[in-house]
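Trainee: Read off the chains here:
Number of protein chains: 2
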Amino acid sequence: MNGAQALIRTLVDHGVDTCFMNPGTSEMHFVAALDDVPDMHSVLALFEGVATGAADGYARMAGRPAATLLHLGPGLGNGLANLHNARRAFSPVVNIVGDHATTHRRYDAQLQSDIETVARNVSTYVHTSTATAALGADAQAALAAAVGPPGTVATLILPADISWSEGGVVVSGSAVVPGGTVTPPTGAAPDEAAVRAAASALRSGERTAIFIGHRACVGPDLEVAADIAAATGATFFAETFPARLERGSGRPPVERLAYLAEFASMQLEGVRHLVLIDAKSPVSFFAYPGKRSDLVPEGCTVHTVAGPADDASAALAALAAELEVPPGSATRQQAVVPDLPTGPLTAQAVCQTMGALLPEGAIVSDEGNTSGLFAPGSTAGSPPHDWLCLTGGAIGQGLPVAVGAAVAAPDRRVVALESDGSAMYTLQAWWTMARENLDVTTILLNNHSYAVLNMELDRVGADAGPRAKEMLDLARPSLEFVPMAQGMGLHAARAETAEQFADELAKALATPGPSVVEAMIPPLM
Amino acid sequence: MNGAQALIRTLVDHGVDTCFMNPGTSEMHFVAALDDVPDMHSVLALFEGVATGAADGYARMAGRPAATLLHLGPGLGNGLANLHNARRAFSPVVNIVGDHATTHRRYDAQLQSDIETVARNVSTYVHTSTATAALGADAQAALAAAVGPPGTVATLILPADISWSEGGVVVSGSAVVPGGTVTPPTGAAPDEAAVRAAASALRSGERTAIFIGHRACVGPDLEVAADIAAATGATFFAETFPARLERGSGRPPVERLAYLAEFASMQLEGVRHLVLIDAKSPVSFFAYPGKRSDLVPEGCTVHTVAGPADDASAALAALAAELEVPPGSATRQQAVVPDLPTGPLTAQAVCQTMGALLPEGAIVSDEGNTSGLFAPGSTAGSPPHDWLCLTGGAIGQGLPVAVGAAVAAPDRRVVALESDGSAMYTLQAWWTMARENLDVTTILLNNHSYAVLNMELDRVGADAGPRAKEMLDLARPSLEFVPMAQGMGLHAARAETAEQFADELAKALATPGPSVVEAMIPPLM
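Sequence lines, in order, name chains A and B. All residue numbers for the first sequence refer to the working numbering, where the first residue is 1 and numbers rise by one. All residue numbers for the second sequence refer to the working numbering, where the first residue is 1 and numbers rise by one.
Source of the hints: derived by calculation from the structure; they are not laboratory data. Quick caveat: nothing in here was measured; it's all calculated off a predicted structure. Even glycine gets a Cβ: it sits at the ideal position worked out from N, Cα and C. Misleading hints may appear alongside valid ones.
[What the hints assert, rightly or not] Here chain B is said to cover these stretches of chain A; the calculated rule only asks that three of the stretch's residues, wherever they fall, bring their Cβ under 8 Å from a Cβ of chain B:
1. 20 to 29
2. 289 to 296
3. 385 to 397
4. 426 to 432
5. 461 to 468
6. 475 to 483
[As the list claims (entries may be wrong)] Quick partial rundown of chain A residues pointing at chain B, CB under 8 Å, derived from the structure:
7. D35
8. S42
9. L44
10. G77
11. R88
12. Q110
13. S113
14. D161
15. F241
16. S284
17. F286
From just these sequences and the hints, can you work out the full model?
Mentor: Printed below as a string of structure tokens:
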């Protein structure tokens, strides 16, 4: 058995059975080994940023890591932005980067570069394999690092000769459970003093907010956090861009902190205690001249009940117990969906239509940016669904994350709410959707501009003339997404009125496989 | 004057008057300053890899650096692969990466990451600006590093507050000549002993090869090198992927070393002395099991007459003087163009047609990969032209380099010889071509496969089954480049016969502005 075969078998034995890849020559033995280990599902992407974003989306929905396979330093570079987003999502990823054979390195051939230094930007674990016999163990170590908690990007650099040589050893893992999935450690036990201090704040009568992130945004932990907020009268916020938020009718509603620091400050105004549950203390996305970056109000005490490396469930349970919160205290979101709009198509009409038509169990990959601002509101009472956000702020995430989510959850409909500027970053994701026949409906918000930057120009106080505004303009020439999608094998249609959009979206959601509905809308600002 | 204004003015004063960019919020003051310094030509790209590849193509044709403007660590990641290619091309690039305000860093906001560590992968110079007043001097230092010799990527990291604060100081440079262009130092003087040793080898009667790279592939240096080879009877080779090679009728012909190590070894068989002129000693692109990476034959002595940091012109002049080589010794390429082919369209027919129609002064950006193998042969006797190669092996270079070359040489026709798999990496370049109305004709070789990898699978000795081959297949679904190009505002046509291809290519070359001719061809292997 060669190294590649042992590596892939070890991964599969540990429940990592999906690999998003764009291989090159140095990865050919890994690719050849796919025929020896048919349990590894390999998904081809036409650009590494699609592969890494898909691994992130997969991890968010499957709760376990996928592998990637990238080609040397430049391939890692191409995948870096979405690994950055994965890092900010605490998504576990086993990021495999092929390298030249160890014997070839000293020649500094054309594709040679320092892979480790790039990997460190996004990875808490970086290891270059040095022996074929150790590859199985290397894979297990990378996987252990990836699952955390917190989940991280673990980069395993795989020299070609380590991969192609005989002598691979499969490691069957202690981390495996009978179902074949990885069980990550639960994290550090709750800090009892922090729990008591938070409980005391929640009982104090002073204005207190519970601020949830990451794992507290899904499943029973979301319910317990909502119960605590309801029982104590605390304001209940979620982080601005959660990796995955369960929402919709029947679930406890939670308001996300606004992207714009001005609005976030209004939401937090007067809060005297901020209780963090697997969330980072809120800061503004960017700095603005003369404005504070820290969004915690002056005089507010921050209580960290659970951080990313802690057992968030146990911490929430301890806090609920300390406060004697009755389960089921939280209100539930009523099922209320908007009417279908009519007339001219606007960003608001798109979001309203989305709220009216979103199917139960949908997964929304949200990179709608300015035009998508109305979407959380208009879908609040839609059937239960998941919402995946742009965690790291690096655009080009939405379509790749949709690919990965659809691979992880093949029985659910994925809706990619995507804006023109961001879509152009990783448009190649559409081809993978077509190739894998994934049930992904892309709503492409085409306003012909980097609208968020037009807004930011004002916010940073830059005095912008026509040459500056030209750099934010996508209208010259106009981007036409329907032919681009068709060129990659997808069904696509353009909507110019609200009625057309509703028709096309309904059709797209009812049809198996991927499609694109391009919504022609004016910029919001 | 704020920092951004001082930075841009300093760059312009030093002859850096073109900036390829994809800015974000942290770069908004740089963007706003474009209105204050109208001499800076700013070109928007929809993806950073287009911006960095364009800076590379610009430097290869202009002989001086462009600037880039990228958005934080993820933007640099997106641009990394083409900066890698620029590094391998010794192209000078002033690579400006915006960062959060210095006061914002401690909050570890979503887009925060370690930019310097990523930059080191491609840059010999990395500096994070720390004071607004020093920005002009920082720009000058980055520029000095960039121009070399050898030319390099110099990365200047620009925190938002350093950029937006008042107190910028323009530095008018000692490196400026009246024409406004940068004059890089000429490099180290020739090593007289090395020159004498090479001359002795060339006189020895043993088989000797002159191997040229980089600066020796253009202008008078190419002529002198060819004269020396002709006068001494040496074999005359150029490196496999020169950054820029001047060729065509009336110029001294030079054979490039083959990409495939098997063929390169045949070319070098029996060579007892290898004289390097601004070229690296030849090594195989990848390692293959059981094969040598070093392509220098056993027993062959390598003579380095000029390395990348040396004065290659002076070294060549010294060698010619030592050997008393009469100027004009070299033969000149005859003007011979192939007939237009007829019948089914194949890779060979595409290249033959290209040879028949290539206009004088054309610049070919060659990322034709396997299907482009016949192009150097079929264009050898075409009117004088430049040939730009995939220097670093990171695919996705061809279209961006074509953008930059066209910006640098607006009176010349650029032909991007591009293959399907590589084109999909940075297809967004087409939009910039349309926006800037660049005279770039893309020949899109569509063979529906990563054909080079099908070949490499065999060469690395991997035993590939159907699942492996599936990872190299681009036919399911079929990529249709005509609608994708149209969606970005370009004229595009598909050719399925040799006659159609000749018609469409002739029309495209005769029409101002960009267009795409998609050639539907069977894979070579």
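Trainee: Next step is simple, just say for each hint if it's right about the structure.
Mentor: Here's how the hints hold up against the structure:
no. : hint       : in the structure
1   : 20 to 29   : holds (count 7)
2   : 289 to 296 : holds (count 3)
3   : 385 to 397 : holds (count 5)
4   : 426 to 432 : holds (count 3)
5   : 461 to 468 : holds (count 8)
6   : 475 to 483 : holds (count 8)
7   : D35        : holds, 3 Å
8   : S42        : holds, 6 Å
9   : L44        : holds, 5 Å
10  : G77        : holds, 3 Å
11  : R88        : holds, 6 Å
12  : Q110       : holds, 4 Å
13  : S113       : holds, 5 Å
14  : D161       : holds, 7 Å
15  : F241       : holds, 7 Å
16  : S284       : holds, 7 Å
17  : F286       : holds, 5 Å
The structure agrees with every numbered hint stated previously.
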